[in-house]
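A.B. asks: These are the residues of each chain, in order.
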Amino acid sequence: DTGVSQDPRHKITKRGQNVTFRCDPISEHNRLYWYRQTLGQGPEFLTYFQNEAQLEKSRLLSDRFSAERPKGSFSTLEIQRTEQGDSAMYLCASSFGGTGANVLTFGAGSRLTVL
Amino acid sequence: GIQVEQSPPDLILQEGANSTLRCNFSDSVNNLQWFHQNPWGQLINLFYIPSGTKQNGRLSATTVATERYSLLYISSSQTTDSGVYFCAWYSGTYKYIFGTGTRLKVLA
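Respectively, the protein sequence lines represent chains X and F.
Each residue of the first sequence is one higher than the last, beginning at 7 in the working numbering.
Each residue of the second sequence is one higher than the last, beginning at 18 in the working numbering.
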């Protein structure tokens with residue numbers, strides 16, 4: 007088990023371009039979360055998947071953002087027509103949501119810089 | 018909405034000193050986790066502690082769910098303890114809500 011993997015670790019793009027981030031959760035984890043963190047702030051919830059179903063989305067997730075988790079395995083987060091305000095660290099976490107504890111494990115994050 | 022507040026916001030310690038970080042939350046808790054974010058941005062899980070007390074080496078944590086707060090104790094601090102400490106509150110629905118963080122710097 008290699009933990010939660012995120013790719014790419016760093017992305018620099020120009021305003022208006024589309025970007026996609028990938029997250030590979032811990033294999034036995036059925037829950038997957040995306041968070042966004044800007045400088046000096048705590049992580050903010052974006053969206054949550056249980057298996058392949060997207061069960062909750064934050065109002066932070068504008069129409070330019072879309073997330074998928076096909077087949078309940080890896081997940082992608084796409085940002086269309088990027089804006090400078092999208093510059094942030096995008097964090098993925100996974101957990102096993104059974105009847106016991108729901109303990110989050112985070113990946114190393116994908117840092118986006120929009121020029 | 019739910020408020021998760023951490024104090025102090027910033028803390029500077031001399032190596033070897035002890036410290037207590039506090040997390041207050043505004044609603045009843047199902048789960049609570051403490052994380053350490055290292056200088057590279059990685060969030061490392063320290064404790065899952067919805068109630069009671071746990072210890073792991075020089076670190077320990079206590080959550081008093083009835084009074085809606087949690088404490089993280091760091092004893093004999095080391096420079097490698099530097100970083101940002103977050104508590105994250107979970108209601109039992111879907112998402113964890115993170116506090117504002119305590120930025121700790123330990124001086125050699």
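Don't take every hint at face value.
Cut-off 30 Å, straight-line C-alpha distance, at most; resulting in silico cross-link-like pairs (DSSO-like, lysine-lysine) [said to hold, decoys possible]:
1) F/112 / X/63
2) X/77 / F/71
3) X/17 / F/112
4) X/63 / X/77
5) F/122 / X/17
It should be emphasised that the hints constitute simulated quantities derived from the structure, not laboratory data.
A.B. asks: Determine for every hint whether it applies to the structure shown.
C.D. replies: Going down the list of hints, with the structure as the test:
no.: 1; hint: F/112 / X/63; result: holds (10 Å)
no.: 2; hint: X/77 / F/71; result: violated (37 Å)
no.: 3; hint: X/17 / F/112; result: holds (26 Å)
no.: 4; hint: X/63 / X/77; result: holds (19 Å)
no.: 5; hint: F/122 / X/17; result: holds (29 Å)
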